[in-house]
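Quick one: dock chain against chain with the hints and give me the complex.
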Amino acid sequence: MSIDGSQAVAEQSNQPKPKRRQLSDRSIVNLFIWPALLLLIALNVFPLFYSLYLGFTDYSAIARQQPVWIGFQNFSRILNDEQLWKYFATTGRFALLSVGLQTLVGFGLAMLVNEKFKGSGLLTTLILIPMMISPVVVGLFWKLMYNPTFGFFNYLIGFTNPSTAPDWLASRFAGTPVPGMALWAVVIVDVWMWSPFVMLLVLSGLKAIPDYLYEAAAIDRASAWFQFWRITLPQVTPLLLIAVLFRTIEAFKAFDLIMGMTGGGPGDQTELISVNLYRQAFLGQWRTGRASALAYIILIIIIAISNLYIRYLNQMKGES
Amino acid sequence: MSNFREDGPGYPVTEAIRVDKVSPKSRRLLSLRAITVVVIAIIMLIPVFVMAITAFKSRSVIVSHPPTIFFKPSLEGFVFLFTERAVVNKARQPEFKAAAEAGELGLVDRIALESGQEVTGTSDYVKRLKNSLIIAGLSTIFSVVLGLFAAYAFSRFDVLGKDDLLFFILSTRMLPAVVVTIPLFLMFRQLGLNDTHLGMILLYTVFNLSLAIWLLKGFIDEIPVEYEDAAMVDGYSRIQTFFKIVLPQTLTGIAATTVFCLIFAWNEYAFALMLTSDNARTAPPSIATMLGRGGIEWSAIAAGSLGFLIPVVIVTFALRNYLLRGVTFGAVRK
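From first to last, the protein sequence lines are chains A and B. Following our numbering, the numbering of the first sequence begins with 1 at its first residue and continues without gaps. Following our numbering, the numbering of the second sequence begins with 321 at its first residue and continues without gaps.
In short, the hints are calculated from the structure, not lab data. Every value quoted in this text rests on a predicted model; they were computed, and no experiment measured them. No residue lacks a Cβ here, since even glycine has one placed at the ideal position from N, Cα and C. Check the hints yourself; a few may be wrong.
Claimed, not checked - Which residues of chain B face chain A? A partial, calculated answer using Cβ under 8 angstroms:
hint: 1; residue: V368
hint: 2; residue: L466
hint: 3; residue: I502
As the list claims (entries may be wrong) - List of simulated lysine-lysine pairs, PhoX-like, C-alpha gap at most 25 angstroms:
hint: 4; chain 1: B; residue 1: K345; chain 2: A; residue 2: K116
hint: 5; chain 1: A; residue 1: K118; chain 2: B; residue 2: K345
hint: 6; chain 1: A; residue 1: K207; chain 2: B; residue 2: K345
Looking at chain B on its own, in the form it has when it is part of the complex (with noise of 0.2 angstroms):
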């Protein structure tokens, strides 16, 4: 380190910078602190790597001991999650030994018979994974147009009781699921609607709408109103000062809000464990149920995981700057 008094900072010290920031012991104490962070980082990150890997890791990898990071990749468990499998019989087993040297079988049926087992068909879990798309997409769709209109409502106008009505509608997402559930399934019951897929995207639709009021309206009230009120002097009606005006300007916040929507719909597990078993059953709650073999198939669970791992890291990163807002429903901007 150079001395800072003969030395200087290293570069110009302009108003801006204060020297008791630029001075080597504060420098030395910034990269300290950087490796600090660099150290819980990758404390904190040890999960998700584990978690990545082991997607990866056939079932007998899985529980061997100790623990490896290093291995040889298997698609195994992605296998043992789409596919509904048999036991070969000893009587078939040369049959099929041939016909794999042969090279007559795909690569699934060849990992299956790795562990001496055939392809019988997919497994419920493409169902599941169907389902959730179908699910967490009409659902965020709904969510965000209603969302819109609403926090349009709420943003541009005098609402009688207006911010009773708001935090009447965030108190909505306060609720524990099992509370609202217990009314919510004899109602569906009455209905008709347990485990259909309209129930569940209604349900989702109204387990959003509060997230998608309260962020939508944070991004509305960020866009000046006198652009809608030039419009409206050059003969927009509000309809079209809408259309025109503002939904082109909150465009990123629906983005923003709708991939949030998305992610918390894709990850709702006790709605659907409740509600649902099998015709509109989502992947949460199934993948919690994976069991093989002699136990927990833990190398299904693992490539299932990484359907919530990937999108997570993503979405993680693409909104990175609406984190805070999307975590606290909008109410913390800064």
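Isolated chain A, as found in the complex (with noise of 0.2 angstroms):
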């Protein structure tokens, strides 16, 4: 970037004085905004549009024949697709238990690094990282910390015999198959990758808490308890709210960390529904015309999500 910058800035500066026509500032903002919407509209917009089309037809791309125009015939199937809204429901759950936990972790993370001691700032940091790496990696690697003979987790947790410890993704403790075990194993994985987020935000708004309300609150003698849910809760909220809404949608988009960890198994205890559409739409199955409408259906969720989250960031821009 910074090399064509100064291209232009030493190709500017040779010419003496450029007696062209100078740009109007309309023109400008054309040029530099529409090639970004351009794209965006390209890749984004365009897309969303023949997928909808698509999604009210029986097509597959693997097959030689056109799209074949079958009104709601997809969605109605979809919806009453029972298997499907097992998914949903999959989803849902490790949507509701991944961002509880996460909120609640990261909401105590925060309070506990809020007050500055020596090395705060580094601990903090190194708090952060593993949020920033590849989901599908994390997946991957924390497979191998699950793993019941020469997995790490177990052991640490203190179950040092294989046979009696639990077998995480495969939803068995000890032999016995427990349903719903895998899906914990995500979740915890979930919560140890995002937490430090949640944290992040939360600090950010206690951060912004002014001093004086506490200095106000201690000389009323006010408890600690009271400071708590008179003053810091209320003032964080905000900030919580934008990151629970942000783990939400990217909780119901979940997808590098499962297909990394478990592929949807055992059986479809983990089968997510953009999992699930995957599978629908490329693997071995390929029902293009099908998995669009799906595709919609989880559209139309995470914009009602995502809506939300954003009237609420203009809210609080409004606010401050």
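Written as structure tokens, this is what we have:
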């Protein structure tokens, strides 16, 4: 980037005084914005309309046949498919569990590191590392961590004998199946990875609380408990909400982590809706029309959540 | 602990210091807090630590029970990751052993020989890494350049429906990859862009564009307009002001944005998985399918993971003051 800039500067300073027609502000705006917008339209907006159309057709991307218009059949079939409802439910449970726990852990962490002590800055930065790692690599690596014989996880939580230890990703505890365990394993990793995100946002909220509020409370001999409920919590709520909404959207999109860790298994216990969508659209099935319809249903859910999020952001901006 | 009432806090209490914060009780609480944080941080960093050391474990150490943290470091994982190998048949083994003892074999060959294999060439992963570098690098340049211009325009001019446009741009980032990929796959197939570098660069440019615009707009918003006004009074054109006044002042912001775009493109998995197969496949989807003899090649995966861990550690430290902006797309700035 800087190369482009300096070249342009050099070119311009070589010419003594450019007497060419100056660009009007309006044309500068157009020149600056349209390339970006056009790209977004070509690779985001157009595909969305295209897939809306495909959602109303019977079509497979690997068949020689052209899309056939079948109206709302795809949508009605999806909404009547119990299997898919189950995947939606799994996704919802995953989102609820992981976002809930992340909020708690992240908030707690933020409260702890908010008070400065020697090395707190370094520790805060270190804690943030997990959320920047590629989710698929995290998933793969935790698959190794969870391994009942040579993984570290069981060993660290105190199960040293593999035959009596939980096999997390197979949803088995000492040989007996425990349904839901694999989902919990995924939740644990998601919480490990993203609690720091909540911490980061809450921390910025905590830092912004003016000291005089606490001073006034201390003078009035308000208890720490009272201070927390009446000052801290209300003041960080906006940022906490942003974090929660953000994570909820991401939880509904969760794909990389699952693909790296379980691939939807065992059985379909961790089959989140986006993983299933991938399966329907690409892996073996190639039901392009039906997958497009399902994609739209997911999209509507996510748009609903992000609308909340964006509206909230706007509101916050208006206040500050 | 000293008695606060008799000894005082140990240093002059100025007006700015709250007495309740320097009392022995609160200082004890602070050290308790510090210990708790240290313990939590250690727990949270165990996986990262394990990840880093596993890269230097050989295949047999990784699958041994119980898992160890003390072991003889080996570069086997890296050799497995970067080379194509074949099993040395029984008849030729003495010949290889002799060569190894005579010191005729290089380090890589010797490590491969330890597991009874000979190196036959470089693996696909080398190509995948190269693809990752090309695609992440070029797409980052494009999205930062395009983003910078757009961000400047959004920051400084009245654009019709500005807020709506900006939120539209942000919302494109919220779309799940799988949803966009189905039509993109068909589009790319029509245009012959499937599994090409150009297609992936375009896609990643768009993927990071919203982030770049939002982040850079935030940075440009912070530069006082007065500088530009003064420059324009002195006879600079808009374009000159942009390059000579705004650009130098945004350099830090541009650097931060560039690093964020780079790391997100480097980490991206879903698009690459669905839109590439061989020619333009990047590292993340291929690391997930690393299979060796008899199952998952853990040592190679661990070695490959290091290629994702190290950049992240560097980036996290380099950008610690900008992380908040980066992960919220510049929406939260404090």
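Which of the listed hints are broken here?
Per hint list: zero violations.
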